[in-house]
Amino acid sequence: MFRLFYNIKQAVLQLIRNKGMAVASIFAISAMMLILGLFFVISVNINLFTEIIKQDYDTVEVYLEEATTAAKTKSIIESIKHMNGVSSVEFRNKDQALKVLKRRWGESGYLLDSLGENPLPNSILVKVENLNAANRVNVAANKIDGVESTKYYKETVDKLTKVTNFLSISAIIIMLFLIIVSVVVVSNTIKLTVFARAKEISIMKYVGATNWFVRGPFFVEGIIIGLIASGMSAGLTYVLYDRIVDAIGMKVMTILSSPLVPATYLASNLIIIFASMGVGIGAVGSIISMRKFLDK
Amino acid sequence: MITFTNVTKKYGENIGLENASVSIAKGDFVFLVGPSGAGKSTFIKLILKEINADSGRIKVGDYVVTDISNRLIPQHRRKIGMVFQDFRLLPKKTVFENVAFAMEIMHKSRRQIRKRVPQVLSLMGIEDKAKRYPQELSAGEQQRVAIARAIINNPKVLIADEPTGNLDPETAKGIMDLLDEINQTGTTIVMVTHAKDIVDRMNKRVIAIEDGHIVRDDYGQYGYDEGLDFGEGVFTDV
Ligand SMILES: Nc1ncnc2c1ncn2[C@@H]1O[C@H](COP(=O)(O)OP(=O)(O)OP(=O)(O)O)[C@@H](O)[C@H]1O
Ligand SMILES: [Mg+2]
Chain H
11 MFRLFYNIKQ
21 AVLQLIRNKG
31 MAVASIFAIS
41 AMMLILGLFF
51 VISVNINLFT
61 EIIKQDYDTV
71 EVYLEEATTA
81 AKTKSIIESI
91 KHMNGVSSVE
101 FRNKDQALKV
111 LKRRWGESGY
121 LLDSLGENPL
131 PNSILVKVEN
141 LNAANRVNVA
151 ANKIDGVEST
161 KYYKETVDKL
171 TKVTNFLSIS
181 AIIIMLFLII
191 VSVVVVSNTI
201 KLTVFARAKE
211 ISIMKYVGAT
221 NWFVRGPFFV
231 EGIIIGLIAS
241 GMSAGLTYVL
251 YDRIVDAIGM
261 KVMTILSSPL
271 VPATYLASNL
281 IIIFASMGVG
291 IGAVGSIISM
301 RKFLDK
Chain Z
858 MITFTNVTKK
868 YGENIGLENA
878 SVSIAKGDFV
888 FLVGPSGAGK
898 STFIKLILKE
908 INADSGRIKV
918 GDYVVTDISN
928 RLIPQHRRKI
938 GMVFQDFRLL
948 PKKTVFENVA
958 FAMEIMHKSR
968 RQIRKRVPQV
978 LSLMGIEDKA
988 KRYPQELSAG
998 EQQRVAIARA
1008 IINNPKVLIA
1018 DEPTGNLDPE
1028 TAKGIMDLLD
1038 EINQTGTTIV
1048 MVTHAKDIVD
1058 RMNKRVIAIE
1068 DGHIVRDDYG
1078 QYGYDEGLDF
1088 GEGVFTDV
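If you're matching them up, the sequences are chains H and Z in order. Mapped onto the working numbering, the consecutive letters of the first sequence carry residue numbers 11 to 306. Mapped onto the working numbering, the consecutive letters of the second sequence carry residue numbers 858 to 1095.
Misleading hints may appear alongside valid ones.
Claimed, not checked - Here are a few chain Z residues that face chain H, going by a calculated C-beta distance under 7 Å:
#1 K883
#2 G884
#3 I925
#4 K950
#5 I962
#6 K972
#7 P975
#8 L1035
Said to hold, decoys possible - Listed next, the in silico SDA-like pairs over lysine to any residue satisfying Cα-Cα at most 20 Å (straight line):
#9 Z/K949 / H/K302
#10 H/K19 / Z/S966
#11 Z/K949 / H/F15
#12 Z/K936 / H/S212
#13 Z/K950 / H/K84
#14 Z/K902 / H/A38
#15 H/K19 / Z/I962
#16 H/K209 / Z/K1061
#17 H/K172 / H/S268
#18 Z/K950 / H/Q20
#19 H/K104 / H/M263
#20 H/K19 / Z/H964
#21 H/K209 / Z/E907
#22 Z/K936 / Z/E870
#23 H/K209 / Z/Q942
#24 Z/K936 / H/V249
#25 Z/K950 / H/I211
#26 Z/K988 / Z/D1018
#27 H/K302 / Z/I908
#28 Z/K883 / Z/I908
#29 H/K209 / Z/M858
#30 Z/K965 / Z/F941
#31 Z/K972 / Z/F941
#32 Z/K1053 / Z/G1043
#33 H/K112 / H/W222
#34 Z/K949 / Z/E984
#35 Z/K949 / H/A208
#36 H/K201 / H/V191
#37 Z/K950 / H/K112
#38 H/K104 / H/M93
#39 H/K209 / Z/F941
#40 H/K84 / H/K112
For the record, the hints were derived by calculation from the structure and aren't laboratory data. This one's a predicted model, so the numbers in the text were calculated from it and none came from an experiment. We put the beta carbon where it would ideally sit given N, CA and C, even for glycine.
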């Protein structure tokens, strides 16, 4: 306990003594973590979108024009029913569609309440037997008079899976790169305090201090830098993302029929991820900064 | 206590120590003398495992220093007290804290520290200086603090690299009396020095090194003319 308190006190003193560099590195690391944060919210949203539309994997959705009459609708349903490979057909009016959407969005469903007029069209849900049938129905239905457009999710899911994979790989590469840069930034910052206390460290070593004893304050210093940076970037990511959801959330919702994950929902994950990254970067950075110093 | 067997240490072309063998028994008081660049500091650094020997075997207490892993170095050094010419005190810590520091490293409790530090400070005759900072003390007093720190954990060996190098003869004499007292309690002492008068007066074992070789090992006199060929002045003012 005594040592922990001592280490924290020393670390804070070191940071204050070296505050220019400490502030600079906190900002640099925050900026990098902010980039990671944006990647994080993007991939969370793509995942959610993929999950939502996966539920309709075997379904072709046929959207009807606003002007299509009930009689016309009936005849469209009949003609689709008789296509090859169609297993069932179901009409869904725009009110039902909204209800379904709301149920599916679960926690984010309340977002739909502020919509005012229902923007969804009447539609026909066509369950298909296999991929070939889906392609055929998709093409054929599009040609029928009174049909506005069709949506077939298999394609979208496949595309999205590709995008998600690509994003994950690039996110990992960028993340590794940024983490390495952050570790270097931290270790260089701490190196300055290590140099400033070089004499003290060598005396400690003569008296028989273990490496961990010597490292203590610098270790804590690194962790403090990492934690401050992660706090700042988590906060900034939250605020920025919240703004983005405010600004374009509705549009995304109507275009993709999938909500943006609300910022509040991400907050706890964001804090946990950033804090552990901050601690890790600080810890590794400080150990590296002292490596040469301690191995004699 | 300390045994060197055929120890060689080279720095590239430079010879630090070559095929040196010597044995220092428990309770010995040894002066290590020789011209500048002879290899005296090399000898001491090898004992501390601050540098590693190229070949040969070094044993200090229970440890075969040439064989132990780096992880054990702190344990090894805790059994050795070190005193330097330039004192090496922490300027931002008080006298008490400078000495207590060596006990904190051993994870001693605050109670033990509060009990032991004043004892050792009074042994060194500086009990009234506990709250002062090193720069507020005379050179002799600073060296007493350094010795207090070196012996606080009851080391088996005390090594001093020119401990009187920065002191006037009178103050140096006081320090030598202290070292003698410490030696009386059974602590082995190895002291590097260029001070002829001290060595001659103390009449202890003298090991002379020249060009990395042990050229003399007997009792009594310093054996060199004072101030000749030596880089560091013998009684430099601070
Ligand atoms: N790190 C080093 N790199 C290269 N050569 C070194 C190094 N340290 C010591 N030497 C050389 O090894 C030899 C012995 O040096 P050492 O420091 O042991 O001498 P010394 O007897 O302590 O001298 P002094 O009385 O001046 O302190 C010298 O020739 C010195 O130049
Ligand atoms: Mg020397």
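Going down the list of hints, with the structure as the test:
1. K883: violated, 20 Å
2. G884: Not OK, violated: Z/G884 not within 7 Å of chain H, min 22 Å.
3. I925: Violated: closest Cβ of chain H sits about 13 Å from Z/I925, beyond 7 Å.
4. K950: At about 9 Å, which exceeds the 7 Å cut-off, the nearest Cβ of chain H leaves the hint on Z/K950 violated.
5. I962: With a closest approach of 5 Å, the Z/I962 hint holds.
6. K972: violated, 16 Å
7. P975: violated, 19 Å
8. L1035: violated, 19 Å
9. Z/K949 / H/K302: violated, 25 Å
10. H/K19 / Z/S966: Between H/K19 and Z/S966 the Cα gap is close to 19 Å, so the pair holds against 20 Å.
11. Z/K949 / H/F15: The given pair, whose Cα atoms are some 18 Å apart, holds under the 20 Å limit.
12. Z/K936 / H/S212: holds, 17 Å
13. Z/K950 / H/K84: violated, 92 Å
14. Z/K902 / H/A38: Since the Cα atoms of Z/K902 and H/A38 sit roughly 42 Å apart, the hinted pair is violated (cutoff 20 Å).
15. H/K19 / Z/I962: Measuring from Cα to Cα gives roughly 17 Å; hence the hint holds.
16. H/K209 / Z/K1061: violated, 33 Å
17. H/K172 / H/S268: holds, 18 Å
18. Z/K950 / H/Q20: holds, 13 Å
19. H/K104 / H/M263: holds, 15 Å
20. H/K19 / Z/H964: Holds, because 18 Å separates the two Cα atoms, which is no more than 20 Å.
21. H/K209 / Z/E907: With a Cα-Cα distance of about 15 Å, the restraint between H/K209 and Z/E907 holds, given a limit of 20 Å.
22. Z/K936 / Z/E870: Violated: Z/K936 and Z/E870 sit about 33 Å apart, past 20 Å.
23. H/K209 / Z/Q942: Holds. H/K209 to Z/Q942 sits at ~15 Å (cutoff 20 Å).
24. Z/K936 / H/V249: violated, 57 Å
25. Z/K950 / H/I211: Given pair Z/K950, H/I211 holds - Cα atoms ~14 Å apart, limit 20 Å.
26. Z/K988 / Z/D1018: violated, 27 Å
27. H/K302 / Z/I908: Holds - the C-alpha atoms of Z/I908 and H/K302 are around 14 Å apart, at most 20 Å.
28. Z/K883 / Z/I908: Since the Cα atoms of Z/K883 and Z/I908 sit roughly 23 Å apart, the hinted pair is violated (cutoff 20 Å).
29. H/K209 / Z/M858: violated, 29 Å
30. Z/K965 / Z/F941: Measuring from Cα to Cα gives roughly 24 Å; hence the hint is violated.
31. Z/K972 / Z/F941: Distance of about 26 Å is beyond 20 Å: violated.
32. Z/K1053 / Z/G1043: violated, 25 Å
33. H/K112 / H/W222: violated, 56 Å
34. Z/K949 / Z/E984: Roughly 19 Å between the alpha carbons, so the hint for Z/K949 and Z/E984 holds.
35. Z/K949 / H/A208: holds, 14 Å
36. H/K201 / H/V191: holds, 15 Å
37. Z/K950 / H/K112: Violated: Z/K950 and H/K112 sit about 67 Å apart, past 20 Å.
38. H/K104 / H/M93: violated, 24 Å
39. H/K209 / Z/F941: holds, 13 Å
40. H/K84 / H/K112: violated, 26 Å
Hints 1, 2, 3, 4, 6, 7, 8, 9, 13, 14, 16, 22, 24, 26, 28, 29, 30, 31, 32, 33, 37, 38, 40 from the earlier list are contradicted by this structure; the remaining hints agree with it.
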